[in-house]
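Here the protein sequences come in this chain order: C and E. Numbering that gives the first Met the number 0 puts the first residue of the first sequence at 0, with every later residue one more than the last. Numbering that gives the first Met the number 0 puts the first residue of the second sequence at 0, with every later residue one more than the last.
Don't read these hints as lab results, they were simulated from the structure. It is possible that some hints are incorrect.
[To be verified] Among chain E residues calculated to face chain C with C-beta under 7 Å, some are:
# : residue
1 : Phe165
2 : Lys169
3 : Lys172
Given the structure is predicted, the values throughout are model-derived calculations rather than measurements. Think of the CB as a built atom: it goes at the ideal place given N, C-alpha and C, for glycine as much as any other residue.
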Amino acid sequence: MHLQSLQFTQFKNYDSAKVILSGGVNCFSGNNGAGKTNILDAIYYLSFTKSFFNAVDQQNILHGKDFFTIEGNFLNGELQEKVRIAFERGEKKSVKVNNNELKKFSEHIGSYPLVIITPNDIMLILEGSEERRKFLDGMIAQTDKIYLNDLLYYNRVLEQRNKQLKLFYEMSFFDITLLESLNEQLIRFGKPVFDKRKKFLEEFVKVFRKYYLDISSSSEEVQLQYVSDLNEKTFENLLDEFENADLAAQRTTKGVHKDELEFLIGGFPLKKFGSQGQQKSFIIALKLAQFEYLKQQTGIKPMLLLDDIFEKLDDQRLNILLSMMAHDAFGQIFITDTHPERLKSVFNKMEKMDVKYFSVKDQTISEI
Amino acid sequence: MAVVFSLHLPFMNYPSQLIEEAVNELSKFPGIGKKSAMRMVLFLLKQSENDVNKLGESIIKLRNNIRYCKRCGNVSDHTVCNICANSKRDQHLICVVEDLRDVMAIENTNQFNGTYHILGGLISPVNGVGPDALNIESLIDRIKTENTRELIVAISATMEGDTTVFYLSKKLKDTAVKISTISRGIAIGGELEYADEITLGRSIALRVPYNL
Ligand SMILES: [Zn+2]
Numbered sequence: 000m001h002l003q004s005l006q007f008t009q010f011k012n013y014d015s016a017k018v019i020l021s022g023g024v025n026c027f028s029g030n031n032g033a034g035k036t037n038i039l040d041a042i043y044y045l046s047f048t049k050s051f052f053n054a055v056d057q058q059n060i061l062h063g064k065d066f067f068t069i070e071g072n073f074l075n076g077e078l079q080e081k082v083r084i085a086f087e088r089g090e091k092k093s094v095k096v097n098n099n100e101l102k103k104f105s106e107h108i109g110s111y112p113l114v115i116i117t118p119n120d121i122m123l124i125l126e127g128s129e130e131r132r133k134f135l136d137g138m139i140a141q142t143d144k145i146y147l148n149d150l151l152y153y154n155r156v157l158e159q160r161n162k163q164l165k166l167f168y169e170m171s172f173f174d175i176t177l178l179e180s181l182n183e184q185l186i187r188f189g190k191p192v193f194d195k196r197k198k199f200l201e202e203f204v205k206v207f208r209k210y211y212l213d214i215s216s217s218s219e220e221v222q223l224q225y226v227s228d229l230n231e232k233t234f235e236n237l238l239d240e241f242e243n244a245d246l247a248a249q250r251t252t253k254g255v256h257k258d259e260l261e262f263l264i265g266g267f268p269l270k271k272f273g274s275q276g277q278q279k280s281f282i283i284a285l286k287l288a289q290f291e292y293l294k295q296q297t298g299i300k301p302m303l304l305l306d307d308i309f310e311k312l313d314d315q316r317l318n319i320l321l322s323m324m325a326h327d328a329f330g331q332i333f334i335t336d337t338h339p340e341r342l343k344s345v346f347n348k349m350e351k352m353d354v355k356y357f358s359v360k361d362q363t364i365s366e367i
Numbered sequence: 000m001a002v003v004f005s006l007h008l009p010f011m012n013y014p015s016q017l018i019e020e021a022v023n024e025l026s027k028f029p030g031i032g033k034k035s036a037m038r039m040v041l042f043l044l045k046q047s048e049n050d051v052n053k054l055g056e057s058i059i060k061l062r063n064n065i066r067y068c069k070r071c072g073n074v075s076d077h078t079v080c081n082i083c084a085n086s087k088r089d090q091h092l093i094c095v096v097e098d099l100r101d102v103m104a105i106e107n108t109n110q111f112n113g114t115y116h117i118l119g120g121l122i123s124p125v126n127g128v129g130p131d132a133l134n135i136e137s138l139i140d141r142i143k144t145e146n147t148r149e150l151i152v153a154i155s156a157t158m159e160g161d162t163t164v165f166y167l168s169k170k171l172k173d174t175a176v177k178i179s180t181i182s183r184g185i186a187i188g189g190e191l192e193y194a195d196e197i198t199l200g201r202s203i204a205l206r207v208p209y210n211l
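So here's chain E without its partners, still in its complex pose (with noise of 0.2 Å):
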């Protein structure tokens, strides 16, 4: 009774050549399955000419003219994202996150007045991302220059965000800067951005020394 498979048996079989390129394209969307890549071509397919163009040219546009602040790596529409042009903010305070989803998340608790400062991902070996892969370079310069007087580490509590947190921490040992990461009421291998808001806004609030 061993019947064995092989891993890359192709389980449709498309009619055309367009449709399997877009599902090829649509299904490197993480999350996204042949299956479900499937169903947006055919939702695409009945959508108006004119909507779909609108969509297609909104994706080009947007990497295309997409820009980053000089100083935190946010997106922005200027050199310097309106965050860090904000006088109104504590600019000796950053909170590091990784990325833009979790700049939104913790704006939303308006519990935070300081700057941030986006790394971009986490460091995994695995998926070939190191250290000089994110922008933690040009935190460490930034927390040298500007007199940073406390950084706030506001990172998923998974394996990766747990040894970004390890080096980021090992980087700054020698810096005056206190470090402190956000109150773990997100469960271990939790993600920041499916935390609900008052539980973001509480552990932002009841922030905690980081102990090495």
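So that you can see chain C by itself, here it is in the shape it has in the complex (with noise of 0.2 Å):
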């Protein structure tokens, strides 16, 4: 499967771009704030349905436009298929897959398989659990399809009951019955999450690990703890235990939207302890790792989006990525760079790649 042709309109700082696209690596030169990582972001959004960078559909139309559209024609074995999403102001986003309208967008995450690796990543190590949830979410969401369903589910759910937990506190009123069918439909969803997550997260810290031995040449344990209140009891009995608790606190104190995924390196958190090149290597070792899974689980090489990794990457690290591709372990590649030379001299020495090369400048994407 791969990505033929892209096309958008008044989309971040595009008027209009069209550009045909290489099976393998395609590479965007241009200077800082030209648009490069935003041809990537497209991209993102045919896979997604939403932006990598910002979630607000409305902030990525071009400045004093009212709509945005963006358009993909993916080769998938023999099939064509046209991806096409439109978001307008004050409307409702389409997302259109050869011509028909998605009901849920959930069930398009996972069509098209892709990981993106940007010198943002290092916030999955600085920020909150949330950013690594969403991490381990976007991961197991592309492979099932049910998990993403019942994630939302759950988010929705707990959106009620939180807000039931503030009308008692306001109105000075309790309905038991009422708190436990939203319990009910907590349990009901929460469940399968946790099970998921804690499923996913054995067979892919494997993964995980070998991948890290590769890119960091030293030996140093490295460990993807997943931590849960479900964990150590049921979800019934941490309910029924903090109910209480969530009413004083007009919130959901416990479940699974409070689970933390710990990075560790030598049993020590990888924040505090990891060196910057420690760190560096169990990013790139992740992403990598969710390129594998991704690949044994859909059988499709993920699209792989590379955000100015010449910039961020050292030596050690960008030849071992480097010498991956020459060895075919990746499909379709998307690179984005601020020098056309260094990635010429980089792709020319591999001669059996199909390598195709643009130069981004004043809102024009153009071959070179």
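Put the two chains together into one complex; each comes in its own frame, and the hints tell you how they fit.
In structure tokens form, the structure reads like this:
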């Protein structure tokens, strides 16, 4: 499977652009701020129906305009598939696959698997648990549509339950039957989310460790530790036990929305005890493991988006990535960099590869 | 490249206060955005004055004169609706539904010969709808006083729908009434009104006991 062509109008800083892509490596070079990353984000939209960088669709419209569209033509085996995303200010976002309007975007996720590596990834280590939960959910959701559905429902029930806890407090009343009904729903969707996260991580951590050893050339033990309230007690018991605490806090204090994925190195938190190099290796290993896992599960080599990696990665880690590319480990690749010569000197050496070079300048993308 | 728009940025400048008002009112309809509302306004302006007056009057009459059945909450021209008043229908069998559309959909299948109870919505704290805003107390009273034999719960398998079903079944735990739900040939997340007649008819016929 690969993306044959991509076009978008009034998306981010582009008025309109169209590119015919290589099934191998696509290199986009241009100055900072020229809009290289926006091309990657358009591809991300086709896969996830939303931006990687800015969840508010409205803010991805070209300044002063009312709508944007993104269209991609995929070749899936013998089949041509057209994905079209349109968003107009004040209207519902539209996602069409082969001209059929999708009712539920969640059903689209995973159809065009994708892994993105960007300088922002360091936030996975630095930021709070929400970032890591999102990363974890994104990996599972791309191979399990029911998981994504359960998770979306869980979050909606959670919102309902939190609102009800607030209402109990503000209106000074209590309806045990109502709370129990909401608990049933929370458990119904939260339990499978917990089970799947746990099961996924058991498998995933093995793949991750293998890549970490390849990349770091050192032997410190790394771990992805799944921390969940549900590890110790059943969700039913937790909700019972913390009913009064929830009522006082006016929100749900226990559940999978509190889950944490701890990154450990030598048994200690990576954020505090990992060197910069170890942190970088950790992130790259996570992403490569994600790639491998998706490939195994879907039978498709995911699209690989590499944003500015020449700037951010040191030679050692970069060389491992490039050597993987040369050995055909990946499928279709999209790379951005500020220096066209640097890209050319790297890929000219890989003779077997089908490489296209694009220059990004003044809101236009042209093949060079 | 961070261009941030205000979420409330107006995207249309209206040439007339009258148009703006009409657009604002029409866009309160579910599923109608401002653009669609604007199309409706332009359509209305092209119609004859008489036609638009008729539309306006029918809406006002609808809201002012509508009556509901005292027993089941169905729309009715009398104190008790035609279904409740029909002695040929099984008065000890109640089908509980969200709203009028579900009654119409189930009646169209010709598979059901009992009575209805219309909740008038589903439990959704986020939308300010609690159990007391729905016809739930009246349903419980009905079941206790009418010696109802069986209650069929025909509520969409949505999140709010399922919360409401949980709530109902818990409230009715201590009564003798047998509770069944329509068999879920209807997709999770599916709205009842969109189900085709065959699916809906079959789901009524093949209803299953509701196990908590
Ligand atoms: Zn009635």
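These are the hints, each one checked on the structure:
1. Phe165: OK, holds: E/Phe165 within 7 Å of chain C, min 4 Å.
2. Lys169: holds, 5 Å
3. Lys172: Hint on E/Lys172: violated, closest Cβ of chain C at ~9 Å, above 7 Å.
In the structure shown, a violation is registered for the earlier hint numbered 3 alone.
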